[in-house]
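Go ahead and model the full structure; you've got the sequences and the hints to work with.
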Amino acid sequence: ETGVTQSPTHLIKTRGQQVTLRCSSQSGHNTVSWYQQALGQGPQFIFQYYREEENGRGNFPPRFSGLQFPNYSSELNVNALELDDSALYLCASSPPRTSAIEQYFGPGTRLTVT
Amino acid sequence: AQKVTQAQTEISVVEKEDVTLDCVYETRDTTYYLFWYKQPPSGELVFLIRRNSFDEQNEISGRYSWNFQKSTSSFNFTITASQVVDSAVYFCALSPEGEGYQKVTFGTGTKLQVIP
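As given, the protein sequences belong to chains A and B, one line each in that order. Count along the first sequence starting at 1, add 70, and that's the number in the working numbering. Count along the second sequence starting at 1, add 159, and that's the number in the working numbering.
Possibly wrong hints are sitting among the right ones.
[To be verified] Examples of chain B residues toward chain A, derived with CB under 7 Å:
1) Ala166
2) Phe213
3) Gly266
4) Thr267
[To be verified] Each pair of labels, with its calculated beta carbon distance range:
5) A:Thr75 to B:Gln272: 43 to 53 Å
6) A:Gly73 to B:Gln272: 20 to 30 Å
7) A:Pro140 to B:Asn226: 21 to 31 Å
8) A:Gly73 to B:Gln228: 25 to 35 Å
9) B:Glu215 to A:Pro140: 35 to 45 Å
10) A:Thr182 to B:Ser233: 16 to 26 Å
11) A:Pro140 to B:Gln272: 24 to 34 Å
[To be verified] Covered stretches of chain A (in silico footprint by chain B; criterion: 3 or more residues with CB under 8 Å from a CB of chain B, positions within the stretch not fixed):
12) 107-119
13) 173-184
It should be emphasised that the hints constitute simulated quantities derived from the structure, not laboratory data. Cβ coordinates follow ideal geometry from the N, Cα and C atoms, glycine included.
Put into structure tokens, the structure is as follows:
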């Protein structure tokens, strides 16, 4: 059974650019959550997708958006990148009807904004 | 509002010593879940334990044990006979219990260094 995978592993972008991060959920999981983890901090919840719709959102501006596809994989898009967007972005998938109580995390994408 | 406090930023112990990581939480929810995750240098969060607020029974799993005390809103984690492989950042987290979407709130983490 393949776990949660994320791509790319590392990414360097310039302020003002746009970025797309990708996540493949674990087989059988239909919920995907995204987190931002700044250096030295705990993960901060960005949003969650369930059945291709946003199911909950943290305190992040609209320039953070996402998609979930029919195969339950997901994308995180960030527009107009700012220096503070530099962080590790973690994706977590959950089996049906478990949501937050059972999350399996991917290895993350390290985004650096210069 | 939910809040998780991990007051210990960094802890260093010598291999084979016991170490306790503290976690204090705040919530207005009557039912909730508490978690501990381990984050090794590779970055991936590894699930260690989940505890429902109704279940205050302490748990032991090998060298790991957890002490949940609702009266003091604490959920502490003890590693017995620490090993170098235990070196990582450990996060305590909290989530309301309920249907549908439930937000998970993480603490700021405790970095544990086990010295050989």
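Given the hint of 16 to 26 Å, check if Thr182 (chain A) and Ser233 (chain B) actually sit that far apart at their C-beta atoms. 37 Å, violated
Per the coverage rule (Cβ-Cβ under 8 Å, at least three residues), is the segment 107-119 of chain A covered by chain B? holds (count 7)
Should the hint that Pro140 (chain A) and Gln272 (chain B) are 24 to 34 Å apart at their CB atoms be regarded as holding? Violated, at about 44 Å.
Classify the hint on Thr267 (chain B) as holds or violated, based on whether any CB of chain A lies nearer than 7 Å to its CB. 5 Å, holds
Regarding Glu215 (chain B) and Pro140 (chain A), is the given constraint of 35 to 45 Å on their beta-carbon distance met? 42 Å, holds
Should the hint that Ala166 (chain B) touches chain A count as held when the rule is a Cβ pair under 7 Å? 13 Å, violated
Satisfaction of the hinted span 43 to 53 Å by the C-beta atoms belonging to Thr75 (chain A) and Gln272 (chain B): At roughly 29 Å between Cβ atoms, Gln272 (chain B) and Thr75 (chain A) fall outside 43 to 53 Å, so the hint is violated.
Tell me if Gly266 (chain B) is really an interface residue toward chain A, meaning its C-beta lies closer than 7 Å to one of theirs. It holds, given that the least Cβ distance between Gly266 (chain B) and chain A is near 5 Å, below 7 Å.
Given that the segment 173-184 of chain A was listed as covered by chain B, double-check it with a C-beta distance under 8 Å for 3 or more residues. holds (count 7)
State, for the Cβ atoms of Gly73 (chain A) and Gln272 (chain B), whether the hinted interval 20 to 30 Å holds or is violated. 27 Å, holds
Range first: 25 to 35 Å. Now tell me if the beta carbons of Gly73 (chain A) and Gln228 (chain B) are that far apart. 34 Å, holds
Can you verify the interface hint for Phe213 (chain B): is its Cβ closer than 7 Å to any Cβ in chain A? Hint violated; Phe213 (chain B) Cβ to chain A Cβ min 13 Å, cut 7 Å.
Hint compliance for this structure: hints 1, 2, 5, 7, 10, 11 are not met, and every other hint is.
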